[in-house]
Amino acid sequence: MKKHLYTLLLVVGGLLALRPASACTNFIVTRGASTDGSMMVSYAADSHELYGALYHTPAGRWKEGTQLPIYEWDTGRYLGTIPQIPQTYSTIGNMNEHSLIIAETTYGGREELIDPTGGIDYGSLIYVTLQRARTAREAIATIVELANTYGYASSGESFSIADREEAWIMELIGKGYEDDGTGTNARRGIVWVARRIPDGYVSGHANQARITTFPLDDPENCLYAPDVISFAREMGYYEGEDETFSFCDAYAPLTFGAMRGCDARVWAFFRTVADDMDRYTDYALGHNAANRLPLWVKPHSKVEPKTVFDAMRDHFEGTPMDMRQDLGAGGHGCPYRWRPMTFEVDGVEYTNERATATQQTGFWFVAQARPSLPDDMGILWFGVDDAATSCLSPIYCSATEVPECLSENNGSMLRYSPTSSFWLFNRVAQFAYLLYDRVEPVVRAIADVWEREQLSAVGNIDQEAVRLPPKKRRKLLTEYSVQTAQQLFDEWTALDQYLLVKFMDGNVKGENEEGFIDNGNGRDIPGEIDQPGYNEKWKRAVAADNGTLLHVVK
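Residues 1 to 554 in our numbering are what the sequence shown spells out, letter by letter.
Just so you know, these hints were derived from the structure itself, not from any lab. Note that the structure is predicted; figures quoted are calculated from it, not measured. Mixed in with the good hints, there may be bad ones.
Said to hold, decoys possible - No farther apart than 25 Å at their CA atoms in a straight line, the calculated lysine-lysine pairs in the BS3-like style are these:
{"no.": "1", "residue 1": "539", "residue 2": "554"}
{"no.": "2", "residue 1": "554", "residue 2": "509"}
{"no.": "3", "residue 1": "502", "residue 2": "539"}
Unchecked claim - Pairwise CB distance ranges, derived in the manner of DEER restraints:
{"no.": "4", "residue 1": "233", "residue 2": "534", "range": "57 to 65 Å"}
{"no.": "5", "residue 1": "352", "residue 2": "501", "range": "26 to 34 Å"}
{"no.": "6", "residue 1": "233", "residue 2": "453", "range": "51 to 59 Å"}
{"no.": "7", "residue 1": "36", "residue 2": "276", "range": "23 to 31 Å"}
Beta carbons are placed, not taken as given, at the ideal position from N, Cα and C, and that holds for glycine.
Using the sequences plus the hints, can you model the full thing?
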């Protein structure tokens with residue numbers, strides 16, 4: 001009976017499943033803008049169907065004629081094969097053994113430019129390129145070669161590409177499909193532009209193309225497809241002079257949603273680290289497209305890694321879009337709104353905010369490429385599920401093993417695993433969403449202590465590892481990465497149990513110096529059980545809605 005019920009639930013779940021939707025956030029901090037001289041790239045891989053896990057591909061040497069199968073990252077759809085190269089690099093997550101980092105956000109853009117016959121998608125571009133390139137410039141060249149050779153199967157995409165010296169934003173989109181008379185695509189390939197972020201500055205992108213005009217004769221800082229402007233003219237997207245051409249205005253024109261639901265996340269990061277960003281509030285609200293957010297800004301002071309960690313936890317706190325303040329936050333100030341993104345009342349459409357931290361995150365990271373250390377000592381600070389209620393653990397870029405708790409083969413979106421970090425962190429998050437003003441501060445305090453301790457601890461590991469030959473160094477860094485991730489799993493398991501005991505049934509149990517006292521019938525619980533109820537806004541709203549019935553008559 002149980003097996004039959006479980007099978008039925010899987011079938012129903014499959015029927016209700018939505019098409020995968022990529023909605024991610026990237027922040028970029030150049031080495032001259034960071035406190036430790038590292039290059040940092042953050043990424044939240046957001047999708048309602050993405051299982052949070054850490055991917056690893058070993059380095060390899062391949063015989064001539066070897067073919068590499070390509071499967072669409074979002075759907076698993078088989079796209080075909082491409083020739084393998086003679087030697088590939090080891091990758092862990094979105095970083096390779098040489099500290100090359102590639103992250104992305106999907107902006108979509110013009111739908112008619114999607115090529116249904118494309119042989120490589122945006123996800124495969126990331127992970128294949130990480131296996132083939134050592135530097136950011138090599139990565140840009142590799143992405144272009146792959147997409148132009150095999151056809152690009154996805155919609156418009158923004159990439160963050162960084163190594164130990166340079167950080168770039170690359171934006172691309174396909175050319176659509178046009179039959180050349182033989183059943184093949186005459187317009188195969190991409191149009192694209194890549195801009196180097198000036199050292200000492202920070203940048204970001206969040207599901208909206210961000211590159212406007214760009215220099216046409218500065219290959220040190222700007223690279224682009226030779227037909228990026230002429231193709232826009234051919235398609236009727238642009239008619240002006242080359243010098244005034246704007247990539248995003250041609251291929252991904254601004255809308256209210258692009259400003260409010262996308263660029264607003266970048267604005268929230270900018271206002272955290274830079275001065276005078278509130279002058280772009282009307283743009284972030286989607287009210288003034290002319291007051292466009294700049295592509296990069298100079299921070300008011302050097303940016304710490306922990307600042308970037310916490311920027312990924314943002315819900316527009318302290319801004320007009322603070323999600324804790326309106327009635328939608330309920331009685332416990334919850335800064336989350338379940339999808340869809342908009343709703344309608346009496347024929348009027350309204351929006352739910354799309355913050356950086358969101359419930360549907362599969363995995364997230366802050367990657368550090370560190371010029372002061374060997375290139376195999378970059379760090380991928382890696383976490384799963386919602387950034388606001390989860391925690392990062394250091395994974396060295398040369399690690400050759402994935403912790404069991406983060407393995408792709410440990411659980412899935414339809415199969416719960418008690419040893420999976422994704423499921424454990426989701427358990428904590430689901431509880432936090434119910435009692436956010438009580439649970440989140442406890443979770444955040446634990447995460448803060450852990451992350452600060454690990455930021456300090458990796459300094460000691462660095463000193464030990466840098467004195468070792470590469471093979472022994474790789475072994476040490478792998479062991480440390482695996483053990484630390486498993487340690488975090490154990491600590492979060494204890495936190496999960498503590499939160500249930502502490503806040504069960506809407507109560508708040510008191511504690512003494514030893515914690516909770518074990519008892520079976522209510523005796524010996526230290527202090528009074530607190531029952532704080534709901535916040536003032538919720539009480540007033542309920543009174544206004546149903547006060548006549550609920551009024552206590554004396």
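We went through each hint and held it up to the structure:
At roughly 20 Å between alpha-carbon atoms, residue 539 and residue 554 fall within 25 Å of each other, so this suggested pair holds. Taken as a hint, the residue 554 and residue 509 pair is broken in the structure, with Cα atoms around 32 Å apart against an allowance of 25 Å. Between residue 502 and residue 539, the direct Cα distance comes to roughly 24 Å. Compliance with the 25 Å bound is thereby established for this hinted pair. Evaluation of the 57 to 65 Å hint for residue 233 and residue 534 yields a pass: the beta carbon distance comes to about 59 Å.
Look at residue 352 against residue 501: about 33 Å separates their beta carbons, and that is inside 26 to 34 Å. For residue 233 and residue 453, the hinted distance range of 51 to 59 Å is satisfied, since their beta carbons lie about 56 Å from each other. In this structure the hint that residue 36 and residue 276 lie 23 to 31 Å apart at CB holds, the actual value being about 26 Å.
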